[in-house]
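Enquirer: Could you build all of it, start to finish, from the sequences and the hints given here?
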Amino acid sequence: MDRWITTSEASARLGVKRGTLYSYVSRGVLTSRRMPGQAESLFDRAEVDSLAAAKHDGRRAGDRLLRFRAVATRVSTISDDRLLLRGTDITDICATMDFTAAARFVLDVDAPVPPPPVDLSAVEQVPVERRIPLTVALIAANDPLRADRTDAAARVLGVLPVLANVVPEIDLAHPWVDLLVTMLIDNGLAASTTAARVAASARAGVFDSLLAGYAALSGPLHGGAPASAYSLVEAVRGGVDVDRALADAVVDGRLPGFGHVIYGGDDPRATIVLDRLRADRPESTALAAAEVIIARAGRPVNVDLASAVVALELGLGPRAGEVLFQYGRTVGMAAHVVEEYGEAPLRWRGSNTGQGRQA
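Counting from 1470, one number per residue, gives the positions in the sequence shown under the numbering used here.
Hint data in this document are derived by calculation from the structure and do not stem from the laboratory.
Some clues are possibly wrong.
Unchecked claim - Derived CB-CB ranges, DEER-like:
no., residue 1, residue 2, range
1, P1689, R1503, 45 to 53 Å
2, V1730, L1589, 33 to 41 Å
3, T1565, V1730, 38 to 46 Å
Using N, Cα and C, we set each Cβ at its ideal position, and we do this for glycine too.
Expert: Structure (structure tokens):
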């Protein structure tokens, strides 16, 4: 049903009367259907958006802005502080699947398609948090099927072992790490997934679309956030007074590891990971430091704090959280890219309030 919108919605998006809308149907420009119990006809949303983009191309730039309400996704849903991937609660996914199984489930593929052979010798020369994006860039540059959208999900599934191999410092098979990257597969229309979808809307190849997502992910308020949480937990574990550490950690009113724009309470992903650590290693010094911080902060915890505790306890280094974010979110971004390929192209277009021209 996400594909279909009502007559009223279609009229509003196109800025036309109902009679004009039905004339489009009679001329074969739009497709409509009737459903039992539905008062209005239903219209194909992708067709309406595509026609709206064409109609609005000659209007002022502000009229060409497509709002996020036009984006429907089945990849993940967040409701009442619950995260569902493909309609399944993340708690159930973690209870029944490891990361590989969850990746197949979210990408909706069974068999991977191996990537083309690529010389990755340059990858080991860059910092660990830059290796996955560089690897994907090299694969994209050497991929003879770069612009081919066929089997995009299976091709990304085939790349995951390659990405794991370029970060040998991190044991991605460790149960805590596997759990964490599963948590990070997707979390709604975040900056990274939206960036990847924008590229896919322009019909960039799947690997190039992933690069757009990695760029957004690299920001300190997104994929880089676990590093700040790592510094906070490390400071308290090292003996810094918790009040001093909290004061030093706040940037622009944000406390790393706490709060989330989507969740009103604790991030369910953080709850799952921290509960696992409490059960597996109750004597963890990193966990103990985090507990002190949580008690003093008095704010809802997010997954960045859980990521920091895992990285500290396993000795993975301060930027490991960003790497794990990249690795897990590769699956979610790819699922969004494939979904976007089924939508009207070029459906994101910003407004220009100045006097200059838009390309």
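Enquirer: What are the numbers of the hints that this structure violates, sorted from low to high?
Expert: As far as the earlier hints go, only 3 is violated by this structure.
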